[in-house]
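Take the sequences, apply the hints, and build the full model.
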Amino acid sequence: DIQMTQTPSSMPASLGERVTISCRASQGISNYLNWYQQKPDGTIKPLIYYTSNLQSGVPSRFSGSGSGTDYSLTISSLEPEDFAMYYCQQYDSSPDTFGAGTKLELK
Amino acid sequence: EVQLVESGGVLVQPGRSMKLSCAASGFTFSSFPMAWVRQAPTKGLEWVATISTSGGSTYYRDSVKGRFTISRDNAKSTLYLQMDSLRSEDTATYYCTTRTMAPSWFAYWGQGTLVTVSS
Chain A
52 DIQMTQTPSS MPASLGERVT ISCRASQGIS NYLNWYQQKP DGTIKPLIYY
102 TSNLQSGVPS RFSGSGSGTD YSLTISSLEP EDFAMYYCQQ YDSSPDTFGA
152 GTKLELK
Chain B
7 EVQLVESGGV LVQPGRSMKL SCAASGFTFS SFPMAWVRQA PTKGLEWVAT
57 ISTSGGSTYY RDSVKGRFTI SRDNAKSTLY LQMDSLRSED TATYYCTTRT
107 MAPSWFAYWG QGTLVTVSS
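Those protein sequence lines, which keep their order, are chains A and B. Heads up: the first sequence runs through residues 52 to 158, numbered per the numbering used here. Heads up: the second sequence runs through residues 7 to 125, numbered per the numbering used here.
Read the hints as simulated data drawn from the structure, not as lab findings. Ideal Cβ placement from N, Cα and C applies to all residues, glycine included. Just to be clear, a hint being listed does not mean it is correct.
[Claimed, not checked] So the derived label-pair ranges between C-beta atoms look like this:
| id | chain 1 | residue 1 | chain 2 | residue 2 | range |
| --- | --- | --- | --- | --- | --- |
| 1 | B | Asp90 | A | Arg112 | 40 to 50 Å |
| 2 | B | Phe33 | A | Val109 | 32 to 42 Å |
| 3 | B | Pro109 | A | Glu130 | 22 to 32 Å |
[As the list claims (entries may be wrong)] Calculated cross-link-like contacts (lysine-lysine; reagent style DSSO-like; alpha-carbon spacing at most 27 Å):
| id | chain 1 | residue 1 | chain 2 | residue 2 |
| --- | --- | --- | --- | --- |
| 4 | A | Lys158 | B | Lys49 |
| 5 | A | Lys96 | B | Lys49 |
| 6 | A | Lys90 | B | Lys49 |
| 7 | A | Lys158 | B | Lys25 |
See the structure below:
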């Protein structure tokens with residue numbers, strides 16, 4: 052199985068700050084990489100598909116990039132509703148695998 | 007509005023069985039592959055199983071093969087997960103999700119149902 056390593060595991064940040072979450076695959080995944088957000092109540096929402104494509108309705112402050120084994124999710128200016136867990140997921144090779152998550156916390 | 011509502015999660019002893027259900031509404035259920043994804047307490051997300059639109063094809067992670075069975079009833083817009091020979095490591099919140107192909111991801115998620123395997 053492809054291992055997905057997310058860093059950092061937690062990130063204290065302030066409102067208005069620009070943050071970047073990284074995700075590294077154990078082998079190349081040809082941009083087959085998605086991002087999800089999980090709120091404290093457990094609600095899970097898809098954000099970005101195929102590395103850099105924003106889901107309809109997701110604010111433009113979210114963006115994704117990367118290639119090969121290294122990918123990232125950037126939030127350009129943090130809003131209160133952005134403090135949550137974020138997970139990357141690869142679908143280049145079965146089974147689909149997720150990163151361990153990054154908890155974005157209010158500093 | 008798409009809704010996925012899981013049910014059936016309870017406390018169960020190791021070695022016993024349990025069946026989860028997921029009632030879907032707000033979309034054409036029979037047109038979407040469906041999946042179960044689980045999350046152990048304080049852990050990340052883990053894909054469990056996927057089923058094709060007709061139910062004719064099923065896929066499982068290695069650790070549940072031979073113990074779990076995913077199925078669906080398109081007439082009732084309901085997804086199921088039969089879990090046998092449960093182990094403590096199966097303890098998790100189980101999420102019902104649509105596994106779309108374009109884009110290829112888990113597009114819609116339920117709120118989850120907690121399964122606790124403990125003596």
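Cross-check of the supplied hints:
1. For the hinted restraint 40 to 50 Å between B/Asp90 and A/Arg112, the CB-CB distance of approximately 46 Å keeps it satisfied.
2. Here the CB-CB span from B/Phe33 to A/Val109 is close to 19 Å, at odds with the stated 32 to 42 Å.
3. At about 24 Å, the CB distance of B/Pro109 to A/Glu130 agrees with the hint of 22 to 32 Å.
4. For the hint pairing A/Lys158 with B/Lys49, the CA-to-CA distance comes to about 22 Å; that is within 27 Å, so the pair holds.
5. A hinted pair counts as satisfied when its Cα atoms are at most 27 Å apart, and A/Lys96 with B/Lys49 qualifies at roughly 17 Å.
6. Straight-line distance between C-alpha atoms of A/Lys90 and B/Lys49 comes to about 14 Å, which keeps the hinted pair within the 27 Å bound.
7. Our distance criterion of 27 Å between C-alpha atoms is broken by A/Lys158 and B/Lys25, whose separation comes to about 42 Å.
Of the numbered hints listed earlier, those contradicted by the structure are 2, 7.
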